[in-house]
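Trainee: Chains as they are written, first to last, in our numbering: chain B, 20 to 370; chain U, 430 to 723; chain A, 73 to 343.
Worth flagging that the hints you see were computed from the coordinates, not collected in a lab.
Values in this document were obtained by computation on a predicted structure and should not be read as measured data.
Incorrect hints may have been included.
Computed far set for chain A versus chain U, every beta-carbon distance over 10 Å [unchecked claim]:
| no. | residue |
| --- | --- |
| 1 | Y131 |
| 2 | M265 |
| 3 | S319 |
Straight-line alpha carbon distances no greater than 27 Å define the calculated DSS-like cross-link-like pairs of lysine-lysine that follow [to be verified]:
| no. | chain 1 | residue 1 | chain 2 | residue 2 |
| --- | --- | --- | --- | --- |
| 4 | B | K266 | A | K133 |
| 5 | B | K167 | B | K276 |
| 6 | U | K464 | B | K350 |
| 7 | B | K264 | A | K133 |
| 8 | B | K165 | B | K350 |
Okay, the calculated bits of chain B under chain A, using three or more residues with CB under 8 Å as the criterion [claimed, not checked]:
| no. | stretch |
| --- | --- |
| 9 | 77-87 |
| 10 | 91-97 |
| 11 | 237-244 |
Backbone N, C-alpha and C define an ideal beta-carbon position, used for all residues, glycine too.
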Amino acid sequence: MVTLRKMVLNLFGLALICTLLVLSGCKGGGQSKTLYIFNWTYYTPDSVIQKFEQEYGVKVVYDTFASNEEMFAKLKAGGANYDITFPSGDYVSIMIKEGMLEKIDKSKLKNFANIDPAVLAQCDFDPGNQYSVPYYLGAAGVAVDKTKVQSYDRSWSIFARKELANRMIMLDDMREVMGDALKYLGYSVNTTDQRQIDAARDLINNAWKPNLLKFDAEAFAKSFAAGEVWVAQGYAESIFAEVDKSKWNTVDFFIPKEGGPSYLDSMVILKGSKNKELALKFIDFIHRPEIYAEFCDYFGFPSTANIPARALKKGESWYRPEDLLNCELKKDVGADLEKYNAAWQAIRVGK
Amino acid sequence: MRKQVGLLYTLPQILWLVVFFAAPLCIIVMYSFLKKGLYGGVELQFSLEAYTAMANPNIVLVTWRTLKISIIATVLTLLIALPCGYSIARSKNQAIRLFLVIVPFWTNFLVRIYAWIAIMGNEGFLNDILRALRLTTESVQFLYNQAAVILVLVYMYLPYAILPLFSTIDKFDFTLLDAARDLGATRFQSYVRVLLPNIKGGLVTAGLFTFVPIFGAYAVPLLIGGKDSYMLGNIIADQLTKTRNWPLASSISMTVTVLTTGLVFLIAMRKPREQKQVFDADPAFLQVAPDGKR
Amino acid sequence: MLRKGGVAARKFMPPGSSLSNVIYWAVIGFLFLPLFVLVFYSFNAGRQTTWQGFSFVWYQKLVMESPELWRAFTNSIVIAFGSALMSTAIGTLAAVGTARYSFKLKNFVSTMSFVPMILPEIVVGVSLLIFFAGVGLRLGLLTVWIAHTTFNLPFVYLLVSARLEESDPSIVEAAQDLGANEVQILFRIILPMAMPGILSAFLTAVTLSLEDFVITFFVTGPGGTTLPLYIYSMIRFGVSPVINALSAVMVAGTVLLVYPMRNFLKVFAAR
Numbered sequence: 020m021v022t023l024r025k026m027v028l029n030l031f032g033l034a035l036i037c038t039l040l041v042l043s044g045c046k047g048g049g050q051s052k053t054l055y056i057f058n059w060t061y062y063t064p065d066s067v068i069q070k071f072e073q074e075y076g077v078k079v080v081y082d083t084f085a086s087n088e089e090m091f092a093k094l095k096a097g098g099a100n101y102d103i104t105f106p107s108g109d110y111v112s113i114m115i116k117e118g119m120l121e122k123i124d125k126s127k128l129k130n131f132a133n134i135d136p137a138v139l140a141q142c143d144f145d146p147g148n149q150y151s152v153p154y155y156l157g158a159a160g161v162a163v164d165k166t167k168v169q170s171y172d173r174s175w176s177i178f179a180r181k182e183l184a185n186r187m188i189m190l191d192d193m194r195e196v197m198g199d200a201l202k203y204l205g206y207s208v209n210t211t212d213q214r215q216i217d218a219a220r221d222l223i224n225n226a227w228k229p230n231l232l233k234f235d236a237e238a239f240a241k242s243f244a245a246g247e248v249w250v251a252q253g254y255a256e257s258i259f260a261e262v263d264k265s266k267w268n269t270v271d272f273f274i275p276k277e278g279g280p281s282y283l284d285s286m287v288i289l290k291g292s293k294n295k296e297l298a299l300k301f302i303d304f305i306h307r308p309e310i311y312a313e314f315c316d317y318f319g320f321p322s323t324a325n326i327p328a329r330a331l332k333k334g335e336s337w338y339r340p341e342d343l344l345n346c347e348l349k350k351d352v353g354a355d356l357e358k359y360n361a362a363w364q365a366i367r368v369g370k
Numbered sequence: 430m431r432k433q434v435g436l437l438y439t440l441p442q443i444l445w446l447v448v449f450f451a452a453p454l455c456i457i458v459m460y461s462f463l464k465k466g467l468y469g470g471v472e473l474q475f476s477l478e479a480y481t482a483m484a485n486p487n488i489v490l491v492t493w494r495t496l497k498i499s500i501i502a503t504v505l506t507l508l509i510a511l512p513c514g515y516s517i518a519r520s521k522n523q524a525i526r527l528f529l530v531i532v533p534f535w536t537n538f539l540v541r542i543y544a545w546i547a548i549m550g551n552e553g554f555l556n557d558i559l560r561a562l563r564l565t566t567e568s569v570q571f572l573y574n575q576a577a578v579i580l581v582l583v584y585m586y587l588p589y590a591i592l593p594l595f596s597t598i599d600k601f602d603f604t605l606l607d608a609a610r611d612l613g614a615t616r617f618q619s620y621v622r623v624l625l626p627n628i629k630g631g632l633v634t635a636g637l638f639t640f641v642p643i644f645g646a647y648a649v650p651l652l653i654g655g656k657d658s659y660m661l662g663n664i665i666a667d668q669l670t671k672t673r674n675w676p677l678a679s680s681i682s683m684t685v686t687v688l689t690t691g692l693v694f695l696i697a698m699r700k701p702r703e704q705k706q707v708f709d710a711d712p713a714f715l716q717v718a719p720d721g722k723r
Numbered sequence: 073m074l075r076k077g078g079v080a081a082r083k084f085m086p087p088g089s090s091l092s093n094v095i096y097w098a099v100i101g102f103l104f105l106p107l108f109v110l111v112f113y114s115f116n117a118g119r120q121t122t123w124q125g126f127s128f129v130w131y132q133k134l135v136m137e138s139p140e141l142w143r144a145f146t147n148s149i150v151i152a153f154g155s156a157l158m159s160t161a162i163g164t165l166a167a168v169g170t171a172r173y174s175f176k177l178k179n180f181v182s183t184m185s186f187v188p189m190i191l192p193e194i195v196v197g198v199s200l201l202i203f204f205a206g207v208g209l210r211l212g213l214l215t216v217w218i219a220h221t222t223f224n225l226p227f228v229y230l231l232v233s234a235r236l237e238e239s240d241p242s243i244v245e246a247a248q249d250l251g252a253n254e255v256q257i258l259f260r261i262i263l264p265m266a267m268p269g270i271l272s273a274f275l276t277a278v279t280l281s282l283e284d285f286v287i288t289f290f291v292t293g294p295g296g297t298t299l300p301l302y303i304y305s306m307i308r309f310g311v312s313p314v315i316n317a318l319s320a321v322m323v324a325g326t327v328l329l330v331y332p333m334r335n336f337l338k339v340f341a342a343r
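If we strip away everything but chain B, and leave its shape as in the complex, we get (with noise of 0.2 Å):
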């Protein structure tokens, strides 16, 4: 019996200590130099954290999220728990409106020059960059499997062939499909029009939707790489990180010709944060050509926001910057947004 009452007195022991290690863990967090990074899932190459982690001399906690609403959500929700997260464009607009962002000292920033004047033009949801520094310009395309799917049109009609229905899935995310429609009926991603707005939905719903699997954004590249679909909306990055290697040459990426909502994701600093200094070291670090090169290498990207690291990229990229000629950025469209919300809902939920 005396066994069996020390392994309880253990287990209780081992409670006990279990308890102060959360209350000590979180109260100690501040004073540690921890750079706390709330990104994109597949959005920095484990790679670069490493790197910096070695140079700083310091921890990166890295979490993930899989669209702007849920890491705004959490942000809004939690407080400013993290140092630095990647928002898109509209996303930085109403982070500055609600207040949650630190302005950045861009006279630390020795790498801001390296960024293309023409990406710097393009945000004007932050005029001057006075909160957000440029991460990647880029866009959402289409993903087919040529083994599967031999000839389409590259264009986002080919969501409403009947024959591909249950093999092909699109995000879940509303700015982007109702993005892609909008582009697709020749209207701006940004309307407010509510008919234009109406007129996307109507053709998500009874177009598009009754041949698709499901919207996913988050397991779409799984779905992909393991066969379940053939036909994937979605980000170049997530789907060639999934699907091997050997069949590369199987996928076709493109951005169809309608063009759709392209997305400029800025690096900034969350109010509250406990490392400023440190945070700016990351952004600065980021914009290294050699390290933006190998940022853009690992993920297949074409060098967008960065002039000298184009020069050094090796790899190829999945898509080119002109193939964005067509897209245009998304833009916070305010009180408006409760249009799109109600169209999305329909499509979401409804039959």
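Got chain B sorted already, so can you dock chains U and A onto it with the hints?
Mentor: What follows is chains U and A alone, placed relative to chain B:
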């Protein structure tokens, strides 16, 4: 003096639950009557918008769908769990038979969901077998529809139904069945007329333990369901994390809460005897989990 | 705790109908099928689900190359034991209080302890998230710990209460007659008597905490990733089938852990 001692013992629990359970619920109630903030959060202004928004045909549709899926899954679960509980109760190796039911239940539930994806996927286990047997050439679409959601929900909550059913059936005096047969009842009649009325309490408990969590399901419809499988739990999460309509998330949460707790209390309060059974069966069933026998 | 009479009486009765036995074994097959499939695929050399030969590669990756997974695992263990301890402490005290004394709020306490259990997880998660946002508490391990302690409490309270109800009140009365004070009664008599209940409550709390996904999903923050959250991200994205190997290890682990624990408790309960 003695009364105060009793209160003193319970004080930490009361405080904890008031702060971390009751207060959050009150905030939800409050939020559901406020106006939504443009970028999430709320504005301090009374509004019934969140409740009128629930009359939206889309939300009515999802409520109906959630109810339908929950009822079908619960009924199926009970139909399967009843003979199982009976079989365990009448077995000589109750402990081992219970243990077998519990082991899968102890495996992380996301792992089990993932397993079903691996089984039912287009390139999954089942389709591999079908192709190997030359029954199909193209993959059969098992996943991403309501039937798949119901199947996995039944799988997830079967143990929740089997355990309380077993513990009630185990208390049943089986000689009554023989007596009924002696009096000329068929085997089937003896089950329906004698066994079922005596284990009503267990059936109710099992039903509640299946229905309530299924009604609030989130992960299964998200991972297993397709474009037609959204349930109320998904809508709540979407309103909070995507559409940024906190009052609507709150009002739907309130509706779910009132519906489920209302159901439990309605059943529990109807007859004192049944109430005792509902509330009692619970710890008994839980104790099965850690030590494998009641 | 089988009734002895029941076991004796059963010998004279016909065995359970064969149909119910058939259904029972079919259900066991149904319950175990996914676990077998996972174990099977964990030895697959290929990435996708199609069989490409036997291999231990995913186990190797699991042990050697998955630091984030192990960090999540550590978080889960810390949270599970931490929240189980807190909820067992608070819940046991409350159970002792309501079992031994009658006071005005007694019914209120019992009912209130019951309600969190019947509330859908999503509602608990959402309300806690909004609450933490309201009071400005930073999301992270601490909020996960609070949430887990909260949903564990009712289970602990009910399990310990059930055990206390079974115990003989005359022992406590005898001790009081012999002049034992409140503290002595609590530590020398009531707690040892309730120990099997307390232990099984503690283990139930550990299990519930290790298992939880939905509530944790809402209340977690930086550095607060638990194993279920990590598994979720592996299901949704992430290239590697390490998840198969992890699942197989978890299945084996539960079986290996649960069985001796069951015997341990049996010995303990019989004491």
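Trainee: Now, for every hint given, state plainly whether the structure supports it.
Mentor: Here is what the structure says about each hint:
no., hint, result
1, Y131, "holds, 16 Å"
2, M265, "holds, 16 Å"
3, S319, "violated, 5 Å"
4, K266(B) <-> K133(A), "holds, 22 Å"
5, K167(B) <-> K276(B), "holds, 22 Å"
6, K464(U) <-> K350(B), "holds, 24 Å"
7, K264(B) <-> K133(A), "holds, 19 Å"
8, K165(B) <-> K350(B), "violated, 34 Å"
9, 77-87, "holds (count 4)"
10, 91-97, "holds (count 4)"
11, 237-244, "holds (count 5)"
Violation of the numbered hints given earlier is confined to hints 3, 8; the remaining hints are satisfied by the structure.
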